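Protein chains: 4
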Amino acid sequence: MARLSDAAIQDALRTLREWRLENGALTRDSTFPDFAAAFAFVTRLALLAERSDHHPDIDIRYNKVRVALLSHDAGGVTERDVKAAGAISAL
Amino acid sequence: MARLSDAAIQDALRTLREWRLENGALTRDSTFPDFAAAFAFVTRLALLAERSDHHPDIDIRYNKVRVALLSHDAGGVTERDVKAAGAISAL
Amino acid sequence: MARLSDAAIQDALRTLREWRLENGALTRDSTFPDFAAAFAFVTRLALLAERSDHHPDIDIRYNKVRVALLSHDAGGVTERDVKAAGAISAL
Amino acid sequence: MARLSDAAIQDALRTLREWRLENGALTRDSTFPDFAAAFAFVTRLALLAERSDHHPDIDIRYNKVRVALLSHDAGGVTERDVKAAGAISAL
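Residue numbers (the numbering used here), protein chains in the order written: chain A, 34 to 124; chain B, 34 to 124; chain C, 34 to 124; chain D, 34 to 124.
The hints are simulated quantities; they were obtained by calculation from the structure and are not laboratory data. All figures in this text were calculated on a predicted structure; none of them were measured in a lab. Possibly wrong hints are sitting among the right ones.
[Unchecked claim] Derived pair list, reagent style BS3-like, types lysine-lysine, alpha-carbon separation capped at 25 Å:
no., chain 1, residue 1, chain 2, residue 2
1, C, K97, B, K97
2, A, K116, A, K97
3, A, K97, D, K116
4, D, K97, D, K116
5, B, K97, C, K116
6, B, K116, B, K97
7, D, K97, A, K97
8, C, K116, B, K116
9, D, K116, A, K116
Pulled out of the complex, with its shape left as it was, chain A reads as follows (with noise of 0.2 Å):
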């Protein structure tokens, strides 16, 4: 799949407000409650990486969750990336 240029990335952006362009990936930053709650959003994204086989880097400090998303194939964001990003989002 090949990588998005920055325009593509721009736009698709516009579409997934939560999500800004950071170090190259899709980057979406969500708080929780607590831990508990913050794992339990971590699950859900593990369950999905494994679905659709695309694995978003994943931090975690305490009640607060980083996902980035990046084709490492393909140096970039693609379109897969734009449609985790969405379904992330979705959850």
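Put chains B, C and D on the given structure of chain A with help from the hints.
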């Protein structure tokens, strides 16, 4: 911790409306949109169980989860189970 | 996918040594040192289930886990269940 | 709980061989065969964290997991982190 009398259990069940007494255990069935949502709930149950060192029986049937609370050491339902049921309802 | 005959199920069970036929489903019981170890196994089951879109029944009793595989749409055990049982044994 | 001196941390690291001090935190990298195995480990970390009410920072990169332990309230590494590191190594 002492086993609650049947009257005390019935009294507790008046405030735990989603729960019932089945096979001598406080029991609750929950249905979710899909397996992933059900398993995120199960993960919260697991974290709560470890935190409180009180582990319910958990049955997973795709998008349905049955939770049963019983204090095996007391041979029945105790205040601890009633408290755990309340905590699970609050998730 | 077609329901396997009893003879075909017995044949499959010869290579799935930890499994048995119970209530019409391929069934396996596992015991772990504690709840946390059991739940880590359950999490692997959940990830595998989502990846393969085939979800076993899972019963958690503290450090014991029962897994049951059945293809509800076929009304019995299919090749898919046999394959899933093998994948679970390989975890 | 009091922040450990650099000398005390170096002393603790002699018995915590897989751990290092990085950005002021006890840090360990682990690599697993695949994402599912990595996430099963993360689940055990999560259960241990809730049980002990001490939550490490956790970074997941497909089959690699970084764990970092720091007591934010003490502004550094404490005996609690050393104990948690030992418990994680024992998983």
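Review point. Regarding the pair K116 of chain D and K116 of chain A, is the alpha-carbon distance no greater than 25 Å?
Key: Given that 25 Å is the threshold and the Cα spacing comes to 42 Å, the pair is violated.
Point to revise | Hinted pair K116 of chain A and K97 of chain A, Cα distance within 25 Å | key: This hinted pair holds, its Cα atoms lying about 23 Å apart.
Practice item. Take the C-alpha atoms of K97 of chain D and K116 of chain D, compute the straight-line distance between them, and say whether it is at most 25 Å. Key: holds, 23 Å
Point to revise | Given hint K97 of chain A paired with K97 of chain D - CA-CA distance at most 25 Å | key: holds, 20 Å
Point to revise | 25 Å Cα cutoff - pair K116 of chain B, K97 of chain B | key: It holds: about 23 Å lies between the C-alpha atoms, which stays within 25 Å.
Practice item. Assess, step by step, whether the Cα of K116 of chain C is no farther than 25 Å from the Cα of K116 of chain B, and give holds or violated. Key: Roughly 42 Å between the alpha carbons, so the hint for K116 of chain C and K116 of chain B is violated.
Review point. Holds or violated: K97 of chain C with K97 of chain B, Cα cutoff 25 Å?
Key: holds, 20 Å
**Study point:** 25 Å limit on alpha-carbon distance, applied to hinted pair K97 of chain A and K116 of chain D
**Key:** holds, 24 Å
Check your understanding: When you check the alpha-carbon spacing of K97 of chain B and K116 of chain C, does it fall within 25 Å?
Key -> holds, 24 Å
In this structure, the earlier hints numbered 8, 9 are contradicted, and the remaining ones agree with it.
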